[in-house]
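Residue numbers (the working numbering), protein chains in the order written: chain A, 1 to 314; chain B, 1 to 176.
Honestly, the hints are just simulated from the structure, not real lab data. Each hint should be verified, as a subset may be incorrect.
[Stated by the list, open to error] Chain A stretches covered by chain B per the calculated footprint, using a threshold of three residues with CB under 8 Å from any CB of chain B: (1) 7-13; (2) 78-90; (3) 98-104; (4) 107-121; (5) 253-265.
[Stated by the list, open to error] Taking lysine to aspartate or glutamate and the EDC-like style, the derived pairs with C-alpha atoms no more than 20 Å apart in a straight line are: (6) B/16 - B/159; (7) B/176 - A/212; (8) B/90 - A/241; (9) A/112 - A/100; (10) A/223 - A/241; (11) A/112 - A/269; (12) B/173 - A/30; (13) B/90 - B/101; (14) B/16 - B/96; (15) B/176 - A/244; (16) B/16 - B/42; (17) B/90 - B/77; (18) B/173 - A/241; (19) A/71 - A/163; (20) B/16 - A/163; (21) B/16 - B/101; (22) A/12 - A/27; (23) B/16 - B/141; (24) A/276 - A/237; (25) B/90 - B/58; (26) B/90 - A/228; (27) B/173 - A/244; (28) A/71 - B/101; (29) B/90 - B/114; (30) B/90 - A/24; (31) A/225 - A/241.
Cβ coordinates follow ideal geometry from the N, Cα and C atoms, glycine included.
So you can see what is in the structure, the chains are spelled out below.
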Amino acid sequence: MPSESNRDDPRKLDEFEARISRGDVIEPGDWMPADYRRQLIRMISQHAHSEIMGMLPEGEWITRAPNLRRKIGLLAKVQDEGGHGQYLYHAAETLGATREEMIEALHTGRAKYSSVFNYPASTWADAAMIGYLVDGAALVNQTMLAHCSYGPYARAMLRICAEEGFHKKQGQEMVILMAQGTQRQRAMVQESLDRWWWPTLMMFGPHDRDSEHLGPMARWGIKTKSNDELRQIFLGETVPEILDIGLVIPDPDLRRDEEHWIHGPIDWEEFWRVIKGRGPCNESRLAARRQARDDGAWVREAAAAYAARQVGAG
Amino acid sequence: MSTDTQWRLYQVFEQKSAGEPHQSAGAVHEPDAELAMCMARDVFVRRPQCISLWVVPDAVVVRRTSSQLEESAPEDESGRQTCAYVVFGKSRARGEFVFLETLESPSAVAAIADYAQSSHGATSAWLAFAESDVSRSAPADYGSFFEPVLTKNYRALREYRADQMMHEIRSRKRTK
């Protein structure tokens with residue numbers, strides 16, 4: 001695959017790769033290969049988009065939470081996701097991306113975000129299951145990225161992981177309570193697991209054998225574990241817990257051999273369909289974001305006009 | 001990539017607790033200092049502990065490394081008026097700039113050179129700006145900006161009984 005890094009100064013590239021092998025952290029302003037910058041902007045901005053889009057499925061349940069404690073917890077969680085998105089957009093800006101370009105790419109469908117957020121949150125149990133499974137899976141990925149070579153991204157991951165930890169615990173507590181609750185509650189949370197299990201596994205991306213060659217992103221200290229490795233970590237943590245909780249994982253082929261969790265076939269056709277915009281909620285989620293942006297235009301105009309007037313007066 | 005559509009860049013500095021110096025936290029794009037302060041709070045210290053935030057327009061921040069200082073001849077600034085300059089530094093490439101000192105100087109560069117002479121090579125990079133360009137979080141804002149982090153329990157892991165509940169489930173299974 002043709003690479004812009006072919007145009008990079010080979011001496012500088014060698015120095016950069018030596019820095020990476022030494023475990024140096026790359027900071028804004030440091031020399032970096034064009035490909036490193038470009039791939040990081042894409043990764044970080046799509047991570048930011050995922051946080052913002054992730055506010056939507058759970059946000060729907062804030063007005064319908066069963067009690068005040070759950071409402072407050074959900075409000076805090078959704079507010080966190082917004083904050084995480086902001087933090088990540090700022091990290092991408094340190095690489096030269098602009099907020100306008102990133103938002104435009106999201107709203108026009110050019111930029112991707114985690115496909116898991118294109119599914120509907122149809123029951124209250126979904127609010128619990130999303131926190132437990134989706135945040136749990138995100139934590140596995142983000143724990144890896146907290147050691148990545150780009151300073152602002154690694155630091156963002158540390159802060160985000162700390163908060164994501166409480167999201168997962170909040171979700172897990174609710175899942176346990178419902179699984180041990182009334183027959184209706186047990187049925188609701190089992191049905192939720194049936195719908196969210198496979199989309200969660202898809203979060204880790206295609207199998208290694210089907211992924212484009214990682215090459216530079218692994219060599220340059222960004223993606224240090226493969227998709228399948230991350231998926232295995234998640235399975236190792238989550239499967240025993242779910243079985244102990246007393247729920248049934250919707251995968252009759254799931255079993256453990258000596259080293260790995262063997263799981264049934266993932267429906268990659270569904271994965272690509274949803275990533276490409278044809279999932280159940282892609283249209284409505286993007287429409288909600290465009291609406292939010294349009295509704296907020298007057299605030300941006302007012303802020304800019306006020307600032308201009310201050311400069312004129314000062 | 002176009003940059004002229006972006007609002008003014010402000011550098012953000014946070015003080016995590018009393019007795020600790022301010023350190024760099026990141027940067028925000030906002031039309032003015034007041035909004036930069038609000039955005040800085042929401043982005044960088046929405047949950048992490050903090051007691052004070054500063055924002056400074058990036059355009060007035062002067063940056064030098066120790067090699068840059070060695071290379072350039074010092075300007076003759078005698079006779080120029082002095083004012084207070086805030087100097088931050090860091091001792092390695094990794095990590096954040098940390099507040100060092102505020103000192104009277106004819107310029108930001110002179111303030112850095114002045115500090116560098118007395119720091120005996122411990123610091124490798126500096127940034128400096130006039131104290132008058134700093135916007136600080138007000139004591140009156142403490143209650144809304146920073147105090148909630150300390151008192152809201154829903155963010156505390158101990159508030160969630162998931163680990164305790166799993167432990168009980170597994171104990172029950174073992175005793176069966």
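Taking the hints in turn, this is what the structure says about them:
no., hint, in the structure
1, 7-13, "violated (count 0)"
2, 78-90, "holds (count 6)"
3, 98-104, "holds (count 4)"
4, 107-121, "violated (count 0)"
5, 253-265, "violated (count 0)"
6, B/16 - B/159, "violated, 24 Å"
7, B/176 - A/212, "violated, 49 Å"
8, B/90 - A/241, "violated, 45 Å"
9, A/112 - A/100, "holds, 16 Å"
10, A/223 - A/241, "violated, 27 Å"
11, A/112 - A/269, "holds, 17 Å"
12, B/173 - A/30, "violated, 55 Å"
13, B/90 - B/101, "holds, 13 Å"
14, B/16 - B/96, "holds, 13 Å"
15, B/176 - A/244, "holds, 13 Å"
16, B/16 - B/42, "holds, 15 Å"
17, B/90 - B/77, "violated, 26 Å"
18, B/173 - A/241, "holds, 12 Å"
19, A/71 - A/163, "holds, 17 Å"
20, B/16 - A/163, "holds, 18 Å"
21, B/16 - B/101, "holds, 17 Å"
22, A/12 - A/27, "holds, 15 Å"
23, B/16 - B/141, "holds, 15 Å"
24, A/276 - A/237, "violated, 30 Å"
25, B/90 - B/58, "holds, 18 Å"
26, B/90 - A/228, "violated, 39 Å"
27, B/173 - A/244, "holds, 8 Å"
28, A/71 - B/101, "violated, 46 Å"
29, B/90 - B/114, "holds, 16 Å"
30, B/90 - A/24, "holds, 15 Å"
31, A/225 - A/241, "violated, 23 Å"
Consistency note: the structure conflicts with the earlier hints numbered 1, 4, 5, 6, 7, 8, 10, 12, 17, 24, 26, 28, 31.
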